[in-house]
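S.K.: Chains as they are written, first to last, in our numbering: chain A, 1 to 318; chain B, 319 to 594.
Hints were generated in silico from the structure; no laboratory data involved. Nothing here was measured: the structure is a model prediction, and the numbers come from that model. Treat each hint with caution, since some may be false.
List of simulated lysine to aspartate or glutamate pairs, DMTMM-like, C-alpha gap at most 25 Å [stated by the list, open to error]:
1. A:K5 / B:D483
2. A:K82 / B:D434
3. A:K5 / B:D434
4. A:K82 / A:D159
5. A:K82 / B:D593
Quick list of the computed label-pair ranges, beta carbon to beta carbon [to be verified]:
6. A:K82 / B:S392: 30 to 40 Å
7. A:T14 / B:W524: 31 to 41 Å
8. A:S55 / B:A448: 54 to 64 Å
9. B:F529 / A:L130: 43 to 53 Å
10. A:A175 / B:T517: 49 to 59 Å
11. A:D113 / B:H486: 54 to 64 Å
12. B:H486 / A:S55: 50 to 60 Å
13. A:E13 / B:H486: 38 to 48 Å
14. A:T54 / B:T395: 49 to 59 Å
15. A:K82 / B:E539: 44 to 54 Å
C-beta atoms are modelled at their ideal positions from N, C-alpha and C, and glycine is treated no differently.
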Amino acid sequence: MIEVKDLTKRYGETVAVDHLSFRVRPGVVTGFLGPNGAGKTTTMRMLLGLDVPTSGEVTVNGRSYRHIPAPMCEVGALLDAKAANGGHTARQHLAWIARAGGIPESRVASVLDLVGLTEVAGRRVGGFSLGMYQRLGIAAAMLGDPDILILDEPVNGLDPEGIRWIRGFLQQLAAEGRTVLLSSHLMSEMEATADHIVVIGRGRLIADTSIAEFTRRSTGSHVRVVSPHAARFAPVLQGAGAAISHEEHALIVTGLEADRIGALAAEHRFELHELAPRRASLEAAFMELTQGSQEYQGARSAATAVAPGVLAPTRMEN
Amino acid sequence: MTTATISANTRRMRGAVNRDTRFANTLASEWLKLATLRSTYITLGLGYLLSVATSAIVGIALGSTRDTWSGDISPITASMVGTVFGLIVYSVFGVLTVSREYASGTMRLTLTATPDRRQVFLAKLTLVTAIVTVAGVATTVSMFAISQAVFSATGMPTASFTDGDALHMVLGLGLAMPFFPIMGMAFGMLLRSTAGGITTALGLLWLPQIFGEFVPTWFQEHILSLLPSNGIDSVTVSHIESTPAYSAPLLGAAIAAAWLLASVGAAYIAFQRRDA
Chain A
1 MIEVKDLTKR YGETVAVDHL SFRVRPGVVT GFLGPNGAGK TTTMRMLLGL
51 DVPTSGEVTV NGRSYRHIPA PMCEVGALLD AKAANGGHTA RQHLAWIARA
101 GGIPESRVAS VLDLVGLTEV AGRRVGGFSL GMYQRLGIAA AMLGDPDILI
151 LDEPVNGLDP EGIRWIRGFL QQLAAEGRTV LLSSHLMSEM EATADHIVVI
201 GRGRLIADTS IAEFTRRSTG SHVRVVSPHA ARFAPVLQGA GAAISHEEHA
251 LIVTGLEADR IGALAAEHRF ELHELAPRRA SLEAAFMELT QGSQEYQGAR
301 SAATAVAPGV LAPTRMEN
Chain B
319 MTTATISANT RRMRGAVNRD TRFANTLASE WLKLATLRST YITLGLGYLL
369 SVATSAIVGI ALGSTRDTWS GDISPITASM VGTVFGLIVY SVFGVLTVSR
419 EYASGTMRLT LTATPDRRQV FLAKLTLVTA IVTVAGVATT VSMFAISQAV
469 FSATGMPTAS FTDGDALHMV LGLGLAMPFF PIMGMAFGML LRSTAGGITT
519 ALGLLWLPQI FGEFVPTWFQ EHILSLLPSN GIDSVTVSHI ESTPAYSAPL
569 LGAAIAAAWL LASVGAAYIA FQRRDA
């Protein structure tokens with residue numbers, strides 16, 4: 001269990017993390033999302049005791065990281081996959097890390113095997129591809145067989161096979177009851193990997209919810225209704241609390257689920273030709289939520305084109 | 319790969335972890351980190367060879383031109399001329415032990431594995447001191463031995479370790495060798511930069527040579543004498559060859575110690591407090 005409590009980090013005038021609070025639970029893969037510069041990496045560094053919070057705290061199993069007696073056995077971390085001395089072989093790189101944690105040398109071969117790097121164990125890491133670095137970083141994180149894994153952008157630079165591998169790997173770790181937190185600025189990546197997401201923008205919490213809930217709550221979700229009785233059906237729907245807009249022959253209904261709309265149509269004996277829930281893609285929902293929280297915005301119009309309307313930041317607990 | 323295989327692969331090592339001797343683990347890890355890098359051997363080897371080769375070549379040059387020398391040359395000081403090359407390269411080694419970790423990003427791995435920064439600091443300090451002390455004494459003893467052999471072959475006056483002055487200088491310079499490398503490590507930690515650390519350490523080392531002996535005597539006595547290199551030389555060299563910039567040995571030792579304490583102390587505080 002990771003617990004972030006009112007965490008704040010300031011660098012002079014800049015606020016990187018702004019009164020952030022959330023929990024990461026065991027047994028599921030939790031995605032940590034936000035645009036570049038949202039404060040994800042800073043939060044992870046504070047979690048690992050590398051950066052000191054300006055205020056607030058972050059604890060791992062109830063203690064701050066610096067006070068864990070054998071930290072590598074509780075938390076495994078991958079912050080920057082390329083953090084390695086190019087002159088070391090993969091085996092040597094893992095060996096010095098293992099020794100720092102008091103972990104037996106035999107463990108090095110096990111984790112190399114686990115990430116599929118056994119064949120290149122004797123090669124200098126300076127010649128590794130980014131994908132190999134990512135696997136090496138995961139091997140280092142797994143050295144202490146930790147119950148909590150923290151990975152910063154682990155799919156960056158991986159080929160499709162590598163991405164598939166890491167997804168399966170993380171889901172298995174979560175299925176074993178471990179806590180897995182992985183950050184990404186790519187929403188589409190989370191859709192396939194995470195069960196739960198924590199979204200931040202400009203250091204503030206935007207959403208803390210399940211993936212399904214996240215898309216459902218987004219205003220981009222609607223139900224498309226085609227009916228020859230549209231003109232009479234619309235006021236009924238509005239009376240039930242829906243918002244209606246028109247699109248050619250169809251009604252675009254927001255605020256009501258498809259089953260409720262169908263029931264209303266049956267009740268009032270309106271004929272339906274089409275009743276289609278349209279889910280906003282996770283990407284669109286993400287863009288909508290983090291709009292205005294991006295540190296650097298390119299063309300603002302590009303973002304608004306994807307998801308019109310600004311949704312007020314919402315806190316969704318489950 | 320199935321769930322079962324990850325567990326089978328990992329769960330067996332619990333309990334095998336050595337949690338009790340944390341500093342020993344840190345020290346062993348830092349040692350392994352250096353001992354498995356080719357650049358460690360290249361750097362240290364280069365420092366040793368450059369020093370010994372310089373002393374040997376200068377010895378040969380002195381021997382072959384001795385008829386044209388009017389004054390007498392001390393076979394002790396003449397044998398130690400290569401020291402400065404070792405000092406430069408070993409100082410670079412000291413800077414690199416830290417700055418390389420900031421450049422490659424491994425400092426974060428180091429501090430994630432060992433969150434207690436006092437341990438990491440002490441382990442690095444211990445290793446730089448121990449390694450350069452061994453390398454330093456090996457360097458000065460080798461320089462002395464080779465030079466005396468050259469002097470003897472060319473019919474020059476020689477010295478031996480049974481000579482107290484010779485032993486004092488050879489061991490003194492060897493044991494003082496870690497001084498600048500330790501300061502280099504401290505500057506590498508303060509500046510987090512290889513170039514910055516090397517420039518600062520070597521700048522301090524070279525300052526007396528930059529001013530040379532052309533400045534007024536009072537400036538040498540009161541200003542240059544406060545530089546760390548002159549402080550050290552007051553202890554290791556002044557009993558044979560003195561300049562106005564040298565202090566009494568005890569005062570010189572105090573000056574050098576003050577420099578070491580200030581730079582290492584500042585590095586320690588910065589390392590403790592700064593975000594990694």
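S.K.: Does each hint hold? Answer for all of them.
M.R.: Status of each hint after checking the structure:
{"no.": "1", "hint": "A:K5 / B:D483", "result": "violated (66 Å)"}
{"no.": "2", "hint": "A:K82 / B:D434", "result": "holds (23 Å)"}
{"no.": "3", "hint": "A:K5 / B:D434", "result": "holds (23 Å)"}
{"no.": "4", "hint": "A:K82 / A:D159", "result": "holds (16 Å)"}
{"no.": "5", "hint": "A:K82 / B:D593", "result": "holds (19 Å)"}
{"no.": "6", "hint": "A:K82 / B:S392: 30 to 40 Å", "result": "violated (53 Å)"}
{"no.": "7", "hint": "A:T14 / B:W524: 31 to 41 Å", "result": "holds (40 Å)"}
{"no.": "8", "hint": "A:S55 / B:A448: 54 to 64 Å", "result": "violated (41 Å)"}
{"no.": "9", "hint": "B:F529 / A:L130: 43 to 53 Å", "result": "holds (50 Å)"}
{"no.": "10", "hint": "A:A175 / B:T517: 49 to 59 Å", "result": "holds (53 Å)"}
{"no.": "11", "hint": "A:D113 / B:H486: 54 to 64 Å", "result": "holds (57 Å)"}
{"no.": "12", "hint": "B:H486 / A:S55: 50 to 60 Å", "result": "holds (57 Å)"}
{"no.": "13", "hint": "A:E13 / B:H486: 38 to 48 Å", "result": "violated (58 Å)"}
{"no.": "14", "hint": "A:T54 / B:T395: 49 to 59 Å", "result": "holds (57 Å)"}
{"no.": "15", "hint": "A:K82 / B:E539: 44 to 54 Å", "result": "holds (52 Å)"}
Of the numbered hints stated above, those contradicted by the structure are hints 1, 6, 8 and 13, listed in ascending order.
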